[in-house]
Amino acid sequence: MTVRPIGAETEAPAIGHTVIPSRWAKFWARNGAGYAFLTPWLLGFFGLTLGPALISLYLSFTNFNLLQAPTWVGDDNYVRIFTADPRFLQSLRVTFFFVLFSVPLKLAFALAVALLLNRGLRGLPLYRAIFYLPSLLGASVAIAVLWRELFASDGVINQLLAPLGIVGPSWISNPRYALWTIILLSVWQFGSPMIIFLAGLRQIPQDVYEAAAIDGASKSRQFWSITLPLLTPVVFFNAIIQGIEAFKSFTPAFIISGGTGNPINSTLFYTLYLYQEAFAYFRMGNAAALAWILLIIIALFTGISFLTSRYWVYYDE
Amino acid sequence: MRIRRRQFLLGSAALITAGAAGFRPASAAETDLRQIFWGGQERAKRTYKANDLYSAANPSTKLTGEFYAWDDYWAKLATETAGGNAPDLIQMDYRYIVEYANRQALAPLDEFVGKELDLADFDKDQIEGGKVKGKLYGISLGANSVASVLNEAAFKEAGVPLPDNNFTYDDVMTVGEAFNKANIRGGMKAFQDGSGVEPALENWLRQRGKGLYTAEGKLGFDEQDLTEWFQMWKKFRDAGVIPSPEDQALDTGGPLDKTMIALGKSAQSFVNSNQLVAVQAIMKDPVTISAFPRIGKDGKGGHYRKPSQLWSIASASKHKPDAAKYISYFINDKDANLVLGVERGIPCAASVRDAVAPTLKAQDQVALKFVSNLGDLLGPIPPPPPPNAGEVDIQLLPKSQEVAFGQATPEEAGPAFVQQAKDILSRKG
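Here the protein sequences come in this chain order: E and Z.
Numbering of the first sequence is given in our numbering, commencing with residue 6 and proceeding in unit increments.
Numbering of the second sequence is given in our numbering, commencing with residue 917 and proceeding in unit increments.
A portion of the hints provided could be inaccurate.
Claimed, not checked - Sample of chain Z residues lacking proximity to chain E, with all beta carbon distances greater than 12 Å (derived):
| no. | residue |
| --- | --- |
| 1 | Asp1087 |
| 2 | Thr1204 |
| 3 | Pro1298 |
Said to hold, decoys possible - Covered, in the sense of this in silico footprint (three residues per stretch, anywhere, with C-beta under 8 Å from a C-beta of chain Z), are these stretches of chain E:
| no. | segment |
| --- | --- |
| 4 | 64–72 |
| 5 | 168–182 |
| 6 | 279–286 |
Claimed, not checked - So these bits of chain E aren't anywhere near chain Z, every CB distance computed over 10 Å:
| no. | residue |
| --- | --- |
| 7 | Leu94 |
| 8 | Phe136 |
| 9 | Thr313 |
Treat the hints as calculated values from the structure; they're not laboratory data.
Where is the CB? At the ideal position from N, CA and C, for every residue including glycine.
Kindly produce the complete structure, drawing on both the sequences and the hints.
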């Protein structure tokens, strides 16, 4: 940022003063009706989203405990979270591990299925619907409960492994595997990135492939040199959306660990920790601070993704 | 619809009488008491039936009840209280009553005692259990105690005698080994791993003359106690008399259907005496209860009678005297308690207990007798836990799992947990 002479700041409003009213009137004449129609949404946005968000920012600097009026404690919550909170660090570890593995695996799986479905299959709409189904059931409690039963010590997975002579562990209650079962659940819900990949694949012009085939490029060469580069905008979009979703993931860990984040805090997701602070220990101020830290983490993740995108995302000029 | 019509008729009848007598119809005004409690379908059914009886006798009072599972309950109650929208009648827990009372969310009940609220026949120790800093904030809905719930069929199948009230932790080893020899039901163990169960730790500490917390709200045990506690359970684990760490970790410390006894992993679980009814409801095998193990032949005083739940009145309630009158009915009325039974624990009014006892099923009798006949196992009720005690409780389970899964030795985990507990207790926000 350049340093502006002080005069510039006092001058600017003086100029604006004469211009703004007519601009404002023009703006209103052109867009007034539109905003009038938007009113219900605007009311919701300011009253139910922005307002509470700002209140939570205020509460994050208080010791609000739900039952008594909040009192201002300055940056105490933030300082403690960053300096003396082992569970905060553990929940970050778990969440980053989850994002790091679940997002790439889910995208790879979604892309693989999209490629299969893109080969001009008969009854494509049916397959598409079937593969999309898990995403609809998505973050539901029922699926998490089902997952718990599948991966328990006497669960279906181990019963399938038994005839192969494998005595499976109790996946959900072993600290080495518990988080992986939740990653697997997330990968299984590959439907929505798959649909977007499928649409992206349709956008790639066929003549590029024909030219490549004439030049003798193999199928795998075509994938790495044509399909993937031309699909990077879609990969980028999916990575951002799924990344944000992964940071916010809550229900599976809550249900599978009975709200505890155990065994040995191995499934203590950030959101689960936040929930415990808020609703098990009634430290609303602290929970609000945790929520704002998560917002900043997600914003950083998205920002960095956008910054790096110019090195690996190819937009069709 | 029929009720409304009847209420309307009653209302208009009152209006007419009042009009004839020449005063305002104050008595016809409806009081709507909102009531919230945690529990399952069975508890709701019994409670609503008792509510109907109350409304029939007091037509001017209408009761609207809501119930939730334990975890959801506290989130719901806290949010409603924060919104200035707390229900009139709140089912409280011994662990939470201090926090709610200290934060002025509950109304002191002392002013109603002897008037709306009749405690003449009520057990003294249970009245004490509802006090915070000398003031009465909750009325016990039933006395209970911790108890081992036992799968009778499994013990019979294994040919091992059922643990009784003289059972010791040394017996856990010998009986557990005998049980393993019988090898029943795909390697079922005799006992659950109790190293992460706070009530089991508390019971064991009390027999050593200590406790979870002192009267000043400080930690009541030290590194040495906790190390020995983890060592004892490691010994059982290494000998294979309790379930594997993986199996034990299936129990998240929450719903009863995830306990080791319900999952068929062990023939025993650490629960509360009133939960005998609820455990039996989810199991095919007949179950019974006995005391937690003694630390030695002369180990005593580990158990105590505590309020299983309490009725409290919200400080924001506009109908406090009416709510107090309802509580009085709930604890003293014989017909109501014939409906309520011992589902919430043993009734605390002596006359009610006498009236209910003969009508109980054999198993409910077991719970009643267990709590009444603890003998030398019974000790004084501990002081109410300090703020943040709930978090200490929750942290015991993952720490015990560190030992169970071999990530820490008992000698490391004991001091580590004591330090963690002290940090949590010293936290202000």
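Structure-based check of all given hints:
For Z:Asp1087, the non-interface assignment is confirmed: its Cβ lies about 27 Å from the closest Cβ of chain E, beyond the 12 Å cut-off. Every CB of chain E is more than 12 Å from the CB of Z:Thr1204 (nearest about 25 Å), matching its label as outside the interface. Distance check on Z:Pro1298: its Cβ is at least 21 Å (rounded) from any Cβ of chain E, clearing the 12 Å threshold; non-interface status holds. With a threshold of 8 Å between beta carbons, the proposed coverage of the segment 64–72 of chain E by chain Z holds, since 4 of its residues qualify and at least three are required.
Figure legend: the segment 168–182 of chain E, annotated as covered by chain Z; annotation consistent (6 residues with Cβ-Cβ distances under 8 Å, at least 3 required). Counting residues of the segment 279–286 of chain E whose CB lies closer than 8 Å to any CB of chain Z gives 4, so the stated coverage by that chain holds, three being the minimum. Every beta carbon of chain Z lies more than 10 Å from that of E:Leu94, the smallest distance being close to 14 Å; the non-interface claim holds. The beta carbon of E:Phe136 is kept farther than 10 Å from every beta carbon of chain Z, the shortest such distance being approximately 32 Å.
For E:Thr313, the condition that its CB be more than 10 Å from all CB atoms of chain Z holds, with the nearest at approximately 37 Å.
Checked against the numbered hints given earlier, this structure breaks none of them.
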